[in-house]
Amino acid sequence: MVLRDKITGDAGLQYVVEATGVISAAGRRALLDTPLMTKSEDIEEELERVARVKEKMEVISNLRTFNEIRHSLMCLHDSQGTLANLERRTVIDELELYEMKNLAYATMEVTRHGKSLGLEKEFELPEVSDVFELLDPDHTGLPNFYIYDTYHEELPELRKKMKALQARGDDPAAQEEYGRCFDRHSEIQHEVENRLSEQLWGRAERLKLAMATLCHIDILIAKAELASDWGLTKPTMVTEGATRYEELFNPRLKHRNEEQRLRYQPVTIDVREGLCLVTGANMAGKTVLLKTLATAQALAQFAYFVPAKKAEVRVMEDIVLCIGDEQNEMNGLSSFASEIINISETVKRSEKERLLILIDEPARTTNPVEGKAIVQSLGDILSRRESFSIITTHYSELGTDCRRLRIAGFREDMANVPISPRNINQFMDYSVVEDSSETVPHEALRIATLLGCDGNLLELAEEHIKETL
Amino acid sequence: MPFMEKIRGCRSLSIVGLEKNTGKTVSLNYVLGRLAEMGISTAVTSIGVDGEQTDSVYATAKPEVRLYEGMRFITSERHYRMRRLVSEIEWIDKRRTALGRLVTARVLSGGMALLSGAAATGILREQIEEQKRDGVELTVVDGALSRLSLASPTVTDAMILATGAAVSPNLQQLVSKTRFVVRMIGLDEVTEKERETLSGVGNGLWALDGEGVAHDLGVRSVFMLSGANNDLYRYGTRLFASGAVSDRLLKMLAAKEEVKETTLIVRDFTKLFITPEVYADYTKRGGELKVLQRSRLIALTLNPTSPHGYAVDSEKACGALEEALGMPVYDVRRENCMKRP
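Taken in sequence, the protein lines are chains S and R.
In short: position in the first sequence from 1, add 619, done, that's this note's numbering.
In short: position in the second sequence from 1, add 1, done, that's this note's numbering.
Chain S on its own, in the form it takes in the complex (with noise of 0.2 angstroms):
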């Protein structure tokens, strides 16, 4: 699984993945061809790599430094192909030689420029200076190329008449003569590419190292970019015990509320082995909080820094987030018929992997009956697992033996101005707290009421509440 299919599951993390700021084509490529890291050694040092860029980057004094960094990676070519064609020991022409002149040159400059800053050991990159010598003949010391008089004993002479034959202007002779020359010169720019080509396959490996270093550092600045600018923080990657966040929050939804000038409050949660029922009103932030613990782990483990003050992140071997919304009537399916898939394939995997397994409302689309005992099933099997599972539901007594959070949910008390549909948010307590309550709350009509809802419909409902009390 890399980060390419995963964003596509999950809006929060495409968000973030969108706002990584990585210069290079190859290295956005990079990025998304990363792989979920499963190993915590792993995911910690490149975490590690992240904290010491971020670190120097803060220093204003480097700024600079990061600049010309970053100069040398947007003129970075994308060099796959003739990297590839180095690699199987084709002859490369004149333009493939500029690239891997161009790649020698930003690999010494990056390694320059991450002396300076002691970032020696983050940007590890190979020794290429011998690559570029033999393309720097003349000791430019620019990344400019071409076939150098140097490079063949003909070449001056050559080059010298055919500037003379051209000052002739239209004369046929020297046209003529001009034609015969420049075919020679044809014929000399191939012996000298063919000699290049040989002398670089044998350095095909270590260019291609730098390539993917470059990438990598390209990230690596990126992800410290961002974790600077949003106020990230580096996750502990714990091998047991539970998974905890302090004030997370979901990057998003933070941002758009601090565009409209609205608060956002940041959860603190644990998210434990075995299985947690989540309940709170409608409109509480129960998906929200689905949708941020799914991004937050994924973050963690794309080795990125997470949004919260403070995390503690077991690592797990793969996250699912089953929202509900997965209907597609494109290959025939109901939601109730994609979601029982999900849950019914994500419930085998459990058996052999730890996820970190996010179902929101499961059942909630069929009779109350049914989808209760849906539930409850679910619930018994997943709370004995060895995956971390949260479910958030309206359905009481289950009966299931697990752990329960509640959101806090409306607060009247905080309302200080009337409410209406645009405001109620600003009047939730999304904090989460332990319940030992079989209940679910039962606000829905409450809400409904403050929503403005059809006051004859609301009538009609809570006859019928009474009725079945």
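Quick caveat, the hints were computed from the structure, so don't treat them as lab data.
The beta-carbon is built from N, C-alpha and C at its ideal position, and this holds for glycine as well.
A portion of the hints provided could be inaccurate.
Unchecked claim - Label-pair ranges, simulated between beta-carbon atoms:
no.	chain 1	residue 1	chain 2	residue 2	range
1	S	ALA1080	R	GLY201	52 to 62 angstroms
2	S	GLU1062	R	GLU197	33 to 43 angstroms
3	S	HIS1083	R	GLY201	57 to 67 angstroms
4	S	LYS780	R	ALA281	51 to 61 angstroms
5	S	LEU952	R	GLU197	30 to 40 angstroms
6	R	ARG297	S	GLU739	49 to 59 angstroms
7	S	THR984	R	SER200	45 to 55 angstroms
8	S	GLU667	R	SER222	54 to 64 angstroms
To be verified - Cut-off 30 angstroms, straight-line C-alpha distance, at most; resulting in silico cross-link-like pairs (DSS-like, lysine-lysine):
no.	chain 1	residue 1	chain 2	residue 2
9	S	LYS827	R	LYS95
10	R	LYS257	S	LYS782
11	S	LYS929	S	LYS658
12	R	LYS257	S	LYS734
Unchecked claim - Pulled from the structure, derived: some chain R residues nowhere near chain S, Cβ distances all over 12 angstroms:
no.	residue
13	ARG12
14	ASN22
15	MET39
16	TYR69
17	GLU89
18	SER110
19	ILE124
20	GLU127
21	ASN171
22	GLU195
23	ARG221
24	THR238
25	GLU259
26	THR276
27	ARG286
28	TYR311
Using the hints provided, position chain R relative to the given structure of chain S.
Below, chain R without anything else, positioned relative to chain S:
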């Protein structure tokens, strides 16, 4: 040609042909030769690699351009490999064209090369800016086929227009077709204040009221206008079309009672897709057409022969055009014509 002096001080120059085979490349070669003599640091690029030119059969059919030592040029990878000169690669752009990436190189020893560029004027505008930043005095843009869009004053500072027998073998028609385009290029500009107001407005049709304030007429595109639209004049008779204008709008305005007082404003002449007849009818009824920004036409060049074997008498054609347009016309193939005062 004396027009060369006018080029001094321009940062960008487009060379566009009224039709294919109007001698655009001959004009370009002439201009480049003179620029080299004048010692102006020059970059050469082009726009568009249209269908037939991308074809491997025709790729070489496009005439080559002569480039001189020290000039910078931008062309596609494929055409770069086909060049017949010595040059140093300075940069390979990430943007792709049908013929590969765009290569920027400096000529070390002069010779011939094929030019091909990006198809979008937006990229061209960026290229011109990049050259300016790099200290290049003048960027010359070779126009592909009969595209006029790059001559927009928002893209290049000045233009050279190439016309010739390929436009029409009939001298009268050649003159009248050329005259019409030259007239459009020379349309009057609006006042500075009006330009300021209108340059920033969004799409669709707008009106300027008596105070000079722009009002959106709620017509998203002039192509969506219907005859029933009678309230175009609710803010006054100065109208501004933000996008392209076709015969349809002019005809509609010509049919209105208020046509006598109407001034239709367009961004620049490249937004006009109108025929001489409809324009003539509109102006005869009192309508006026203006532009926000006028293009600077530096010279008009003539190719007296057409690829189909037609030819017009060069001297007669130059004379007739000069009389009709009131500006000198140069036959770029004829030495004597080039020396005209």
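Evaluation of the provided hints:
1. ALA1080(S) <-> GLY201(R): 52 to 62 angstroms: 53 angstroms, holds
2. GLU1062(S) <-> GLU197(R): 33 to 43 angstroms: With a Cβ separation near 57 angstroms, GLU1062(S) and GLU197(R) fall outside 33 to 43 angstroms, so the hint is violated.
3. HIS1083(S) <-> GLY201(R): 57 to 67 angstroms: The hinted range 57 to 67 angstroms holds for HIS1083(S) and GLY201(R), with Cβ atoms some 59 angstroms apart.
4. LYS780(S) <-> ALA281(R): 51 to 61 angstroms: 60 angstroms, holds
5. LEU952(S) <-> GLU197(R): 30 to 40 angstroms: Because 58 angstroms falls outside the window, the suggested range is violated.
6. ARG297(R) <-> GLU739(S): 49 to 59 angstroms: Distance hint for ARG297(R), GLU739(S) holds at roughly 56 angstroms.
7. THR984(S) <-> SER200(R): 45 to 55 angstroms: 54 angstroms, holds
8. GLU667(S) <-> SER222(R): 54 to 64 angstroms: At 56 angstroms between Cβs, range holds.
9. LYS827(S) <-> LYS95(R): 19 angstroms, holds
10. LYS257(R) <-> LYS782(S): 66 angstroms, violated
11. LYS929(S) <-> LYS658(S): 21 angstroms, holds
12. LYS257(R) <-> LYS734(S): With Cα atoms ~75 angstroms apart, LYS257(R) and LYS734(S) exceed 30 angstroms; violated.
13. ARG12: 24 angstroms, holds
14. ASN22: 21 angstroms, holds
15. MET39: 17 angstroms, holds
16. TYR69: 9 angstroms, violated
17. GLU89: Non-interface label on GLU89(R) violated, nearest chain S Cβ at 4 angstroms vs cutoff 12 angstroms.
18. SER110: Nearest chain S Cβ is 5 angstroms from SER110(R), so the label is violated.
19. ILE124: 16 angstroms, holds
20. GLU127: GLU127(R) is indeed farther than 12 angstroms from all Cβ atoms of chain S, at 14 angstroms.
21. ASN171: Answer for ASN171(R): holds, closest chain S Cβ roughly 32 angstroms.
22. GLU195: 36 angstroms, holds
23. ARG221: 28 angstroms, holds
24. THR238: Non-interface label stands for THR238(R): nearest chain S Cβ at 42 angstroms, farther than 12 angstroms.
25. GLU259: 46 angstroms, holds
26. THR276: 41 angstroms, holds
27. ARG286: Given that every Cβ of chain S is farther than 12 angstroms from that of ARG286(R), nearest at about 52 angstroms, it holds.
28. TYR311: 25 angstroms, holds
The earlier numbered hints that this structure contradicts are 2, 5, 10, 12, 16, 17 and 18.
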